[in-house]
Amino acid sequence: MKSLGNIRRSFAPWADPAAKPFITFRNVTKKFGDFTAVDNLTLDIYHREFFALLGASGCGKSTLLRMLAGFERPTSGEIILDGQDIASIPPYKRPVNMMFQSYALFPHMTVESNIGFGLRQDGMPKNEIAERVAQMLKLVKLEQFAKRKPHQLSGGQRQRVALARSLAKRPKVLLLDEPLGALDKKLREETQFELMDLQQDLGLTFVVVTHDQEEAMTMADRIAVMSHGKVIQVATPAEIYEAPNSRFVADFIGDVNILDGKVSASGNGKIELVTNDGFTVRTASAGAPASGSAAGFAIRPEKLKVSRNAPTDATVNAAEGEVWDIGYLGDMTVFYVKLGSGKVVKASMLNAQREVENPIAYDEKVWVSFGETAGVVLKD
Amino acid sequence: MSKLGSAIFSRLVIIIPYAWLLFFFLVPFLIVFRISLSTTAIAQPPYEPVFALADGLSGIWAKIGEFSFDNFVWLTEDALYLNAYLSSVWIAGVSTLATLLIGYPIAYGMAQAPRSLRPTLLMLVILPFWTSFLIRVYAWIAILKPEGLLNQFLIGTGIIDSPLIILGTNWAIYIGIVYSYLPFMVLPLYSALEKMDNTLIEAAQDLGCPQITAFWKITFPLSLPGVVAGCMLVFIPAVGEFVIPDLLGGSQTLMIGKTLWNEFNANRDWPVSAAVATILLLILVVPIVFFQNAQAKAEEQGR
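Residue numbers (the numbering used here), protein chains in the order written: chain G, 1 to 380; chain S, 1 to 303.
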């Protein structure tokens, strides 16, 4: 069985035409004065999904999250949560809770009362509150910090208090605004997996806003890549990476070489593309563009192979070039190869062995090669 | 050398404020306290004993023996003083509360105003200080007197038939104190409210608080250090206030500042007025200590 990306998933309600979305944004537009933060956006999020909104700052992802929380009202369009239009419901009546980027812990309350705050607002009986708070403290492993004030905690502990507080009311949807942004790298990686486990165990729908693609790729079931208030692509991390639908997504996620050119032959799910550098690429292409149309060819650095000898297999694409630069990163080595036309492509090779016999050196003549399914044709 | 220099410098930096307090607070206070232990006399200065170098050590010692707490006892015997103290504290307390009730919405509004507008609003709060305090209090006479601006306006618009008697009553004093001390309330409140993180309010709303509840549960408790600072800055000077009751209040108004002025100037009784001043200081030290404790507590909370 072949699949995009080195991962298997059984959870895919978005692929099931009968599945009903849990959250729907329908033609939602949000304007701040002249500035359009969210532009006629339509998006479905499913129950129990871990959904990431990914984009550069100012792309509208936070505005989208704040509209879901109720802090902003859409200028037009509707937001449907669990079958109910929530556009006119104030934030304090919505069955969603948010974990803020700054955590927004109440500085004058203890960890305990911070976590129990929402429950007290709901008028839950005291003993039940105590029970739920204890349960939440256990969930985030902060039992012994119950009586502390937020300023007496480390950044990671504060993050967990914020998480416990937003989960305490058992919301239908948990919104997370850059949840790991303030943590250092090690803690961030640990917490990513903790969040995923938590989401699995609680069976909740998570919507997370992030600008960190690694974070989104690791945690999310699906990612919406946003730019200028629009969703450019919604897909699983593997699809986003291996089959970007546009130049923007290909360029935004990870590293990529893009070769521009013209389609010279098309048919049988395969096309031949002559790049502007005069290099002919034969590649598989799902929606085959017509012969003669302009197209770009995107290929990830790790899909390129650098070797001293030309590949013997005729189906493999190959171009000759010269090593322009070498970057040794430890886990891999990045070769910058200047092709005959002057175009420099980036190729990375995994350093699977500690010792290498006669490694490739600067200025050496090399071949860059890749298979028919290694890259993607971009139509725009 | 430079190390020694900086050591001397850092000592000096500490010494200067202490020396200032010593010479301009402690020494004058000790002089006042010493006068409060004396007895009044028709002389220059109008009290005895008076120390002179010619007395010699034994003479000075004998004169110290003449000191007595009679003046303090006298203060407890005449109900006038107790009433004056109580009435001062009451008037100052009511005025402080009124200032808080008026000042809080002003400070809150300023803190919520667009960032570009805030310096202007701040300027407007401070602006009255450009005019002499005395002139501003005199202006209130023109406003509050029976044929003044306020009464003319109220009668002119038909709200009342006969003029309200405000000038010469405690109401005029309340108005005067609230007006004069409002900036001292607004400024610390504004500085507390201005640094408030708005996401805290959003978090409270997200957790189920309507906006008004969020204000009482989050904004108000977090602004308490500002409330305490503002109240102290108004209450402490208001207790000893002399100008406002003298100009706006009537003859029956009893405030300790006025009593003190009468003892000192009209009766020429320096020792009793010194005793009144000493007790007034004690009354004021208690709230200051309370204020400092509250501040230390707030700092310990890391805000």
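Quick caveat, the hints were computed from the structure, so don't treat them as lab data.
One or more of the hints may lead you astray.
[As the list claims (entries may be wrong)] Pair by pair, the computed Cβ-Cβ distance ranges are:
#1 G/ARG120 to S/VAL285: 36 to 42 Å
#2 G/ASP197 to S/THR120: 49 to 55 Å
#3 G/ASP260 to S/ILE212: 57 to 63 Å
#4 G/ASP197 to S/ILE212: 53 to 59 Å
#5 S/SER116 to G/ASP277: 50 to 56 Å
#6 G/GLY327 to S/LEU224: 34 to 40 Å
#7 S/ASN198 to G/GLY327: 41 to 47 Å
#8 S/TRP216 to G/LYS20: 53 to 59 Å
#9 S/PRO146 to G/SER88: 54 to 60 Å
#10 S/TRP216 to G/ASP197: 47 to 53 Å
#11 G/LYS20 to S/THR120: 22 to 28 Å
#12 G/GLY327 to S/GLY5: 51 to 57 Å
[Unchecked claim] Interface residues of chain S toward chain G, partial, derived using beta-carbon atoms under 10 Å:
#13 GLN44
#14 GLU147
#15 LEU224
Owing to the predicted nature of the structure, the values given are computational and were not obtained by experimental measurement.
No residue lacks a Cβ here, since even glycine has one placed at the ideal position from N, Cα and C.
Checked hints:
| no. | hint | in the structure |
| --- | --- | --- |
| 1 | G/ARG120 to S/VAL285: 36 to 42 Å | 40 Å, holds |
| 2 | G/ASP197 to S/THR120: 49 to 55 Å | 53 Å, holds |
| 3 | G/ASP260 to S/ILE212: 57 to 63 Å | 59 Å, holds |
| 4 | G/ASP197 to S/ILE212: 53 to 59 Å | 39 Å, violated |
| 5 | S/SER116 to G/ASP277: 50 to 56 Å | 53 Å, holds |
| 6 | G/GLY327 to S/LEU224: 34 to 40 Å | 56 Å, violated |
| 7 | S/ASN198 to G/GLY327: 41 to 47 Å | 44 Å, holds |
| 8 | S/TRP216 to G/LYS20: 53 to 59 Å | 41 Å, violated |
| 9 | S/PRO146 to G/SER88: 54 to 60 Å | 55 Å, holds |
| 10 | S/TRP216 to G/ASP197: 47 to 53 Å | 38 Å, violated |
| 11 | G/LYS20 to S/THR120: 22 to 28 Å | 54 Å, violated |
| 12 | G/GLY327 to S/GLY5: 51 to 57 Å | 53 Å, holds |
| 13 | GLN44 | 59 Å, violated |
| 14 | GLU147 | 52 Å, violated |
| 15 | LEU224 | 8 Å, holds |
The earlier numbered hints that this structure contradicts are 4, 6, 8, 10, 11, 13 and 14.
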